[in-house]
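J.: Add chain X to chain G, keeping to what the hints say.
Listed below, chain by chain, are the residues.
2 protein chains.
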Amino acid sequence: MKAPQDIDRTRMVILPEQEHGERLARVLKYMAKAGLESMLLCDNANKFYITGRIFDGYIYIGPDGRVSYFVRRPSILEGKSVHHIHKPENILEIIDREGLGRPSKLGLELMQTSYATVMRLAAALGVDSFGNADSVMLSARAVKTAYEIQQIAVCGMRHDRVYSRIPHLYHEGMSDVELQIEIERVTRLEGGLGIIRTVGQSMEINMGSVLAGRNADEPSPYDFALGGAGTSPALPVGADGTVLRAGMSVMVDTNGVFNGYMTDMTRTFAVGNLPQRAIDLHKLSCDICHTIEDMARPGVRCSDLCRKALDMAAKAGAPNLFMGHNSQASFVGHGLGIALNELPVISLKTDSILEVGNVLAIEPKFVIPDVGAVGIENTCAVTDDGPMRRLTNAPEELITLVS
Amino acid sequence: MKAPQDIDRTRMVILPEQEHGERLARVLKYMAKAGLESMLLCDNANKFYITGRIFDGYIYIGPDGRVSYFVRRPSILEGKSVHHIHKPENILEIIDREGLGRPSKLGLELMQTSYATVMRLAAALGVDSFGNADSVMLSARAVKTAYEIQQIAVCGMRHDRVYSRIPHLYHEGMSDVELQIEIERVTRLEGGLGIIRTVGQSMEINMGSVLAGRNADEPSPYDFALGGAGTSPALPVGADGTVLRAGMSVMVDTNGVFNGYMTDMTRTFAVGNLPQRAIDLHKLSCDICHTIEDMARPGVRCSDLCRKALDMAAKAGAPNLFMGHNSQASFVGHGLGIALNELPVISLKTDSILEVGNVLAIEPKFVIPDVGAVGIENTCAVTDDGPMRRLTNAPEELITLVS
Numbered sequence: 001m002k003a004p005q006d007i008d009r010t011r012m013v014i015l016p017e018q019e020h021g022e023r024l025a026r027v028l029k030y031m032a033k034a035g036l037e038s039m040l041l042c043d044n045a046n047k048f049y050i051t052g053r054i055f056d057g058y059i060y061i062g063p064d065g066r067v068s069y070f071v072r073r074p075s076i077l078e079g080k081s082v083h084h085i086h087k088p089e090n091i092l093e094i095i096d097r098e099g100l101g102r103p104s105k106l107g108l109e110l111m112q113t114s115y116a117t118v119m120r121l122a123a124a125l126g127v128d129s130f131g132n133a134d135s136v137m138l139s140a141r142a143v144k145t146a147y148e149i150q151q152i153a154v155c156g157m158r159h160d161r162v163y164s165r166i167p168h169l170y171h172e173g174m175s176d177v178e179l180q181i182e183i184e185r186v187t188r189l190e191g192g193l194g195i196i197r198t199v200g201q202s203m204e205i206n207m208g209s210v211l212a213g214r215n216a217d218e219p220s221p222y223d224f225a226l227g228g229a230g231t232s233p234a235l236p237v238g239a240d241g242t243v244l245r246a247g248m249s250v251m252v253d254t255n256g257v258f259n260g261y262m263t264d265m266t267r268t269f270a271v272g273n274l275p276q277r278a279i280d281l282h283k284l285s286c287d288i289c290h291t292i293e294d295m296a297r298p299g300v301r302c303s304d305l306c307r308k309a310l311d312m313a314a315k316a317g318a319p320n321l322f323m324g325h326n327s328q329a330s331f332v333g334h335g336l337g338i339a340l341n342e343l344p345v346i347s348l349k350t351d352s353i354l355e356v357g358n359v360l361a362i363e364p365k366f367v368i369p370d371v372g373a374v375g376i377e378n379t380c381a382v383t384d385d386g387p388m389r390r391l392t393n394a395p396e397e398l399i400t401l402v403s
Numbered sequence: 001m002k003a004p005q006d007i008d009r010t011r012m013v014i015l016p017e018q019e020h021g022e023r024l025a026r027v028l029k030y031m032a033k034a035g036l037e038s039m040l041l042c043d044n045a046n047k048f049y050i051t052g053r054i055f056d057g058y059i060y061i062g063p064d065g066r067v068s069y070f071v072r073r074p075s076i077l078e079g080k081s082v083h084h085i086h087k088p089e090n091i092l093e094i095i096d097r098e099g100l101g102r103p104s105k106l107g108l109e110l111m112q113t114s115y116a117t118v119m120r121l122a123a124a125l126g127v128d129s130f131g132n133a134d135s136v137m138l139s140a141r142a143v144k145t146a147y148e149i150q151q152i153a154v155c156g157m158r159h160d161r162v163y164s165r166i167p168h169l170y171h172e173g174m175s176d177v178e179l180q181i182e183i184e185r186v187t188r189l190e191g192g193l194g195i196i197r198t199v200g201q202s203m204e205i206n207m208g209s210v211l212a213g214r215n216a217d218e219p220s221p222y223d224f225a226l227g228g229a230g231t232s233p234a235l236p237v238g239a240d241g242t243v244l245r246a247g248m249s250v251m252v253d254t255n256g257v258f259n260g261y262m263t264d265m266t267r268t269f270a271v272g273n274l275p276q277r278a279i280d281l282h283k284l285s286c287d288i289c290h291t292i293e294d295m296a297r298p299g300v301r302c303s304d305l306c307r308k309a310l311d312m313a314a315k316a317g318a319p320n321l322f323m324g325h326n327s328q329a330s331f332v333g334h335g336l337g338i339a340l341n342e343l344p345v346i347s348l349k350t351d352s353i354l355e356v357g358n359v360l361a362i363e364p365k366f367v368i369p370d371v372g373a374v375g376i377e378n379t380c381a382v383t384d385d386g387p388m389r390r391l392t393n394a395p396e397e398l399i400t401l402v403s
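Protein chains in written order, with the working numbering: chain G, 1 to 403; chain X, 1 to 403.
Bound conformation, chain G alone (with noise of 0.2 Å):
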């Protein structure tokens, strides 16, 4: 991985040549799959994934698999391919003179883009029926790269390094707030962006979420694994100002976001005794958590791994603590990558089988009222022999807290 300074500030592809090569034969893959024959792609985190940059502009793969590059901003981007456009209205005159031929059977990303951009990029490219490239992009995504790993290995590490810092962060009397406030912090300096990409609308947090005592148990509007109330009705999610006191667990967990990838981790904190309930659920969160990684292998089920995380938790008569109490979530892991809920999701309703090269966030985490949320997450990689590769290695035990 480069440092930013080493990075060629005008080359429009800064992804490795044979890695951007791999990336686009699975898109053209995807695209095959889904009776696509061209493309026209905006998304952030899709422009991301093709050349390793984020530009204002659009990415076309024309009905022969040539990739061209329309940039609006920055005007210093130059390279094979590239155009600079003022509107979308200027790529179709440039398609036609170049000869990058005319789009047929073209996909746009209907789930991340808007009616109204949707609805203009359609007539600009002078189509009237286009077909969903989200689905073909989410697909290639799901499956990493031997380079996707690497970069999600490095947030791993930096991710560590920050867990490491938690117990020296904490002192007593001090809200989930404050704690939260303090690794986000420790996040940043050790480079995190403080951005988390997410794929459609049903998100909204800062750089993760603490939970300890009752607030563990309260609802939230978002598609987190757990809610908490949050500081405001304009968010409500994560911390909300509980003191942290003897007795309480304090659940952390952030996203890793250092270079555009992503890991997800959580680790639980004690503040004093817990009781032993929480103790004996932390464990089989672990346990439960270790097992997934070790059945999740090629050809696996999704829904397999879900239903087994539910049995292990209901033989421990836990069930209606699990993945929330209050407010239950439906899944128990989800991928991730330049996205935070990338596929595939580990829940009983997904038909995904698992392929070598999926990278996934796995969360099986237990509320326990009065007393806050115990458990762990991993980001782990499933390999082509044996267990899933984990990425993410901060001690799992219960850590007290002590000032």
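Hint data in this document are derived by calculation from the structure and do not stem from the laboratory.
Repeated chains share a single entry, so a pair holds when one copy, or any two copies, can fit it.
Restricting the straight-line Cα-Cα distance to at most 20 Å, the calculated cross-link-like pairs of lysine to any residue (SDA-like) are:
1) K80 to I7
2) K87 to L348
3) K87 to M203
4) K315 to I279
5) K87 to T350
6) K283 to G247
7) K87 to S327
8) K87 to S330
9) K87 to S347
10) K29 to S104
11) K87 to F331
12) K87 to V127
13) K87 to Q201
14) K87 to G200
15) K87 to Q328
16) K87 to D223
17) K349 to H86
18) K87 to R72
T.: Positioned in the frame of chain G, the structure of chain X alone reads:
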């Protein structure tokens, strides 16, 4: 403004009743202007505008002007006109059963909602044509109520406190990123929520930007007034790791999102002595800002404000440094409130005419090659008689950073 712990967790509409009514009246007025008889809203900013909270679900305004809430989560929400649903396909049945009036001339959020979601909602409501609810809502939100201006004023006071601490956060040898992280921390400790809502897809940023030295002249793909290379091609905006050195200006442009509303404020700091040109242009930025604050009265054209700013920059012989140098922004100010980029926009191209209650961030900035950016930004409200009411009141002069 109530403290979060005093807010009723279960009440759907937590705005004061009169405020809720005033906002709805504004929305109905712009619906009538746009020829829409009903609307279905799902954008979080719009839900927050109408209810004062974020929830997972939809707001339906029926043909008779009655408002209904279709809620997926949290399940604890209750109140008049609250209906719990699992999916949008449940809505029409409830509309019929409760006699809420089937949608006619329906508005959907075509700019803020994905193509796939718009098509799903249209099908669920049994309509095959629809209008643009985003135009309606952005027009309604462009003119703030007295209550909203008070919320923004509260943000301004907290934002001022953050800026008063900036000189104390600096130490010699610090990088722009390190300074930014300490400013973020202080913003969060003052109650900053850590996220910024925006309209459209052209903005990604953490809580703001710090620009120092040459980095102020680096172009960015995003629609911000100035750029900056950022620390990663995955988020190319703002601070890039420049070590702060004598002779550099340090422009701090952050968003104060404390309660769902926000202020936008920029102040410039100096490390050591700056060249006279930088000092002069900083003063000119203050003069332009104050001139616009004085001119911006009801009935004034936004394009005239922009022209005035450009004239003042040109008269000082600095048109090529105004609003950027390598890459120049086309606006000198923008509406804001719940989102960072609301209406109206102060640019030559806009035909908006100011109204009492518009809230604008005015940001006449200069980039001085090799030195950095200078200038200020204030968030101000248009009043009914006299100059704008300034809601950001941190000292405007260049402040020298000393460790």
